[in-house]
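Chemist: First to last, the sequence lines map onto chains A and B. Position one of the first sequence corresponds to residue 1 (my numbering), numbered consecutively onward. Position one of the second sequence corresponds to residue 1 (my numbering), numbered consecutively onward.
Among the hints, a few may not be true.
Taking beta-carbon pairs under 8 Å as the criterion, some of the chain A residues facing chain B (in silico) [what the hints assert, rightly or not]:
{"no.": "1", "residue": "E9"}
{"no.": "2", "residue": "A167"}
{"no.": "3", "residue": "Y255"}
{"no.": "4", "residue": "S275"}
Dumping the calculated BS3-like pairs for lysine-lysine here, alpha-carbon to alpha-carbon at most 30 Å [said to hold, decoys possible]:
{"no.": "5", "chain 1": "A", "residue 1": "K213", "chain 2": "B", "residue 2": "K184"}
{"no.": "6", "chain 1": "A", "residue 1": "K5", "chain 2": "A", "residue 2": "K102"}
{"no.": "7", "chain 1": "B", "residue 1": "K281", "chain 2": "A", "residue 2": "K5"}
None of these hints come from the bench; they were simulated from the model. Just so you know, even glycine gets a beta-carbon here, dropped at the ideal spot from N, CA and C.
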Amino acid sequence: MLNAKLKREFPLHLMLIPGLIIVFIFSYGPMFGLIMAFQNFDPAAGFLKSVWVGLDNFKYILTLEDTRQVLWNTVYISSMKIVVETIASIVFALMLNEVSHKWFKKSVQTIVYFPYFLSWIILGSILRDVLSADGIVNKFLGIFHIHPIMFLGDNKIFPFVLVLTEAWQVLGFGAIVYLAALTSISPTLYEAAVIDGANRWQQTLHITLPGMKSTIVLMVTLSLGNILNAGFDQIFVLYNPLVYQSGDVIDTWVYRMGLVSAQYSIGAAVGLFRSVVSFILISLSYYLAYKFADYQIF
Amino acid sequence: MVGNTSIARKVFVFINTALLIIFSLLCLLPIIHVLAISLSSSTAASAGEVSFWPVEFNLISYSFVLKKTEFWRSLIVTFKRVILGVTVNMILTIITAYPLSKDKKDFRARMVYVWIFVFTMLFSGGLIPTYMVVRSLGLLDKIWALILPGALPVFNVVLLLNFFRSLPREIEESALIDGASHWKILWLIYVPISLPAIATLIVFSIVGHWNSWFDGMIYMNNASKYPLQTYLQTLVVQPSSQIMTKATAEMLRHISERTVKSAQIFIGAIPVLMVYPFLQKYFMTGIVLGSVKE
């Protein structure tokens, strides 16, 4: 009996071997490789033979002027993105929900989802073109006698450009979840409200929004795990040395310091910090989502 | 829904419709603008005469791009990575999701394995150590550097295993009684009835591989090994005066850095445009897939 069970389970173990190999090499390997954060890593010597320096890399990072700025930029940009994208997606879903012509709704959706599927290389070069000093956006503003705005070269504006352009890319896609939540609200609630004399605005306030509440809470909770992820691709494509002060985030900093300037151990030390904080936040967000919204990933 | 046709309602519907149209235009017009520039003459483009319709229409920018060896070379790298990458992704996703979808009583080690995979979604070694692992395996400048590190998309495994778990268990039980092996049950029963879910994952995988550029940039030292998006990135982020050296004076009347760049950007977006109808059909299922629970 036991033997039969083992025999039955054996192929299941076998099937997992290729996936396990990939995960052990390319996910657990780098986790082990994080020991380089405590070394003066030399690629020729490898993970095991590089010189051990303890916490020196971390002490060095704390002396850098950029550190606080970069950390602040990361949290500032990503929390603004979470707030703006959540509100924009909800409003967009509500607006679409009010459309009665099916083909119009469908056309709007088709167009608005599209940027989500283009790479930031494509989107970035489109944005760099239209937002440049003599680009079409500034030309349009010129009609109203507004002086050309350096969207991608002004530290005061750049973070907002990042937030708005990402919202532009994802908001259609973000709205899908909320549209699904809207369709699950029972129509009888609205019928009852109409009989009670509630107008559309009151219906939205007292039926639609409460009906979406659990979805909203869930999505915001899950996005908390991403707070140290301010969107590397987008920033890398759009930023330049003029706006490092306001646009440089952990990921772009690690890339420039760790890979471009080959300070591998410093980069890994910053990366370790990022991974540990993200791990805590992601675990916490999954736990909260499970606790309050009964959400389970598997 | 019940609607009253008061004036206030009419005004609301009008404003709502107008805002939605404006927003759709905001998504559409930048892309059309770049397309119009790529089809215009360089003089019209640099004079700022082009908005959403080509001025002095010509295809010279496109023919210039299509004659560039770098462009074709990177396109071939991208085709290779899409074909290899999607195949590897899908095989690994399917054979990993199947055992993990079993019940605990049929596969006692299930939760141990699930945690081994899910932990990689929670914690990562980060950029530098991952780069070092790829480098120490001798994968730099090899196409496998673009395929193996992401060969097992754990999130997709979770989606597919949840889908597998939603299938009626009777199917498997009757196959078991007939003496079918797990391998046969997976490929002859599970995969055929999960085709919509698998198609969704395939489309996502294609777009993912097509759009990736960062791995190409860090793992390929030799620019001739760049996939298309990485090659486009070099044009966008590190603009050069490559055209000036290669184009003849006659051509420069028609093309410029900007028109050629626009043409390449547009070509880089064409495949996504082509699979977009399928994407749109499937990604709704994809999102719903994520919420399917037993």
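Chemist: Against this structure, judge whether each hint is valid.
Modeler: Do the hints match the structure? See the list:
no.	hint	result
1	E9	holds, 6 Å
2	A167	violated, 11 Å
3	Y255	holds, 6 Å
4	S275	holds, 5 Å
5	A:K213 to B:K184	violated, 44 Å
6	A:K5 to A:K102	violated, 54 Å
7	B:K281 to A:K5	violated, 42 Å
Of the numbered hints stated above, those contradicted by the structure are hints 2, 5, 6, 7, listed in ascending order.
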